[in-house]
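Turn these sequences into a full structure, and let the hints steer you where they fit.
Line by line, the protein sequences give chains W and Z.
Taking our numbering, I'd label the letters of the first sequence as residues 9 to 313.
Taking our numbering, I'd label the letters of the second sequence as residues 18 to 398.
It should be emphasised that the hints constitute simulated quantities derived from the structure, not laboratory data.
Ideal Cβ positions, reconstructed from N, Cα and C, are used throughout, including at glycine.
Careful: at least some of the hints might be erroneous.
Distance windows between CB atoms, simulated [to be verified]:
1) Z:P279 - W:S161: 23 to 31 Å
2) W:V299 - Z:G214: 20 to 28 Å
3) Z:G214 - W:F300: 48 to 56 Å
4) Z:I217 - W:E114: 44 to 52 Å
Residues per chain, in single letters:
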Amino acid sequence: MVFDVFFLQQVINGLSIGCVYALMAIGFTLIFGVLNVVNFAHGEVYTIGAFVGLMVITAMAPPLLAVVPLVLAVGAVSGVGLERIAFRPFRRFTDEASQKSRAMREATLLSSLAVSIVTREIMMHIFGGDMQGIPSGYLLQQPVAIGPIMVASGSLVIFATSAVMLGALQFLLYRTQTGLGIRAVSNNQLGARYVGINTDRTIVTTFAVGSMLGATAGILVGLYDGAISPHMGFAPGVKAFVAMVMGGLSSIPGAVACALLLGVSESIATEFLSSGWKDLITYSLLVITLVFFPQGLFGHGRERA
Amino acid sequence: MKKHAVFGAALGAVVGAMLAATAGATVAQAADREIVIGYQAPLSGDRSQYGEMFRNAAQIKLEEFNASGKLAGAKVAITFEDSKDDPKEARNIAHKFLDNSKIVGVIGDFSSTVSMAAGEIYAAEKMPQLSQTASHPDFTKLSPWQFRNITTQAFEGPYNADWIIAAGKKTAAVIYIQNDWGISALDGFVSGFKAKGGKITATEAFNPGNRDFRSILTKVARQKPDVIYLAMFYEEGAAFAQQREQLGIKIPLYGTSSLYSPKLIELGRESVEGLHLATTFTPDNPDPAVQTFVKEYAARFKSEPGMFAAQAYDAVGIMLDAVAKAGPSVTRESLRDALAATTDYPGVTGATSFDPVTREPAKALAKMMVKDGRFQVVTGP
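Quick look at the structure:
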C-alpha cells in the first residue's frame, strides 16, 4: 500500500461519492423512520427533482439559487402526492388490528414500487431514455485544487448541503413540535394516535420534507454529474438503502456516516481490486454489519412491531 | 343444462370467429403475401435510447424498400418486440417470433449478451438472425444462422492498437465495461497492442450503470500511461472525460467506436476534445446515400443519426435485400442463404460483405477525433 498523494486523492474521491449517497440517504431514512417501511419511490422523487430543475434551467435560465426553492416545492408536492397514492390507502382502517397489521404496512412496499415504476416509465416516455446534458453555465464541475488534491466544486456543494440538511433535520426532529410528532409516530403510531397526535398530518409532513430533500439531492447530483436520465435514481437509491440499513434503519446521522463509510471503502478498494468489484465491498460491509451488529451501527435496539 | 347451452353457443361463436379470421388471412395472402421481419431491441429500460434509434432507422429503411418495388408480389412488414436488454425477455421473444410463421428473419438484439441468449434459440430452431450491434466474437460462432453487420472488437481492437502505436505511444491503460462486449473489447485491444510491442499498464473494469470514475482515474494516473483506452458507451465516456478533466489528468483518450455519437460531445463538451476513435459511420460523409439518410432521419426525428442508427438502417437494408433476392416465396432457409451471399451491400456504414464461412462482415473504418466540438476525420496517425 502506498500512502502518497494518489491515496489521499482516493479518500477524497470516496468522500465525494459518499456525500452523494448521503444526500439521498437523508430523505430516505426520514421517511423510513416514520412508517418503518421502505419508500421505493424515493429514487423517482430524486429524478423528478433533477428533471424539473433542468426544465426550469433550460426554459428560464434563472440563477442557480432561484432553482432550489422551486425544486423544493416540486419535491414537497411529489412527496404529498406519493403519500396520497401509495401509502394513505393502506391506512384507511383505523381499528387496532389493522393498525398493528404488518401486512397492511408492508403492502405499501409494493405500492411504492409500483408508483416508482409507473413514474419512471412516464418520464422515459416524455424525456426518452437518453442522458440529458445540463447547460454548461450551471454545471458544478469546476476543478478546485486544495494543495495537490483536486475536488470538483460540486463535491463541496454536495458536502455542504448534506451537512446543512442533516443539521436542519436534527433541529426539526429534536427542537420543534412537528419533530416531536414525527418522533412519536415513528416510535408508536397507534400510541401517538391515542394521545391525540394527528398521525396522518404528521406522515404527510414527513413525506413532504423527505421528498424536498430527495428532489434537491437529485438536481444537485445532476449538476455535479453533468447529465441526468430517468434511471439516475436507481443506483444511488440502492446505496442509500444499504447505508440506511447499516446505520440502524431510523438513525439519520447513522445513515450519513455509513454512506460516507461506503463511499470511502469503495474508493480505497479500487486501489487494490478491480473497480468492477466495488459493489462487493458495499454488500460485504452490509452483511458484516448485519451479522455482528443486527441493530445497525447506530441503531437504538428498540423493538419493531 | 341452461348454462351448458350458453357455453356451447359462446364456444360456437368463438370458433366461428376464428374460422372467419383464418379464412380472411388466407385470402389476403393469396392477393399479396405479407412477409414479416421480427425486430427485437430494448425499447424500455435504461438502454431504450438505442432501441428507439433502431426503430426510427428501421422505419425509414422499410418505407424506402416497400416504395422501391424491389420485391413484387409481397409486402414486407417489421414487427418490434421490447427485449428490455434482458436475456430472459429475449428468449421469450425468440419463441414468440418462431411461432409466427410469417416471420422469416429476425434483426437484433442490441447487446451481445442478449443477442446470444436469443441466438441460441434461433440456432436450434433455424431462424436467420442479423444483429446490428452484437460484436462479441462468439455471436456468429453460435450457428450458421447468426449474422452481424458491425465489425467486431477482434477487428477494431488491433486496428486501434496499430493506430496508437503508429502515433508513437507505447503504454496504455484500458478501462472497460464489465459485460461480454467489454471483455471482448479488452481482449481485442490488449492482444493487438502487445503484439505490436506496446505495454498495458492497467486494465480496469467497471459495472454497467457506474457514473463515478474518479477512483479508477486516480489509480490509473499513478502509472502515467501514454494513453487511456476506453471500451464503453457514450454516457460513461462523457462522464469519464469530465471527471478526468476535473482531476487535472492530461493523458490522451482513445476509444471504441461505441463512443461515436453526437451525444458524447453534447454531454462531455470540452472535456472530450482530443478523444480519438475509429468508426464505420460519419454523418459528414459526402456519399449521397449517407446524406439522404442523415437528412431523412433529422427531418423525422429531430436529431442527427449516430453510428447506432446507421447500423440498424444498414441491418434492415441487408435483410430486406436478402428477402428481395430470395423472392416472394422466401423461407427461413432461403433467406439465410441469401444473407450469407451478401457482397458489397452499399450501406451508409460502408460497403458490407459477409464472409461465406465465418459470416463476419468486412468494412473499412474511418479514423476520427473530437476537434472544435465535433468529430472530424483524421488523416495520418
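Cross-check of the supplied hints:
1. For Z:P279 paired with W:S161, a C-beta distance near 27 Å keeps the hint of 23 to 31 Å intact.
2. For W:V299 and Z:G214, the Cβ-Cβ distance of about 50 Å falls outside the hinted range of 20 to 28 Å, so the restraint is violated.
3. Checking the proposed 48 to 56 Å range against Z:G214 and W:F300 shows it holds: the Cβ atoms sit about 51 Å from each other.
4. At about 51 Å, the beta-carbon gap between Z:I217 and W:E114 stays in the expected band of 44 to 52 Å.
Hint compliance for this structure: hint 2 alone is broken.
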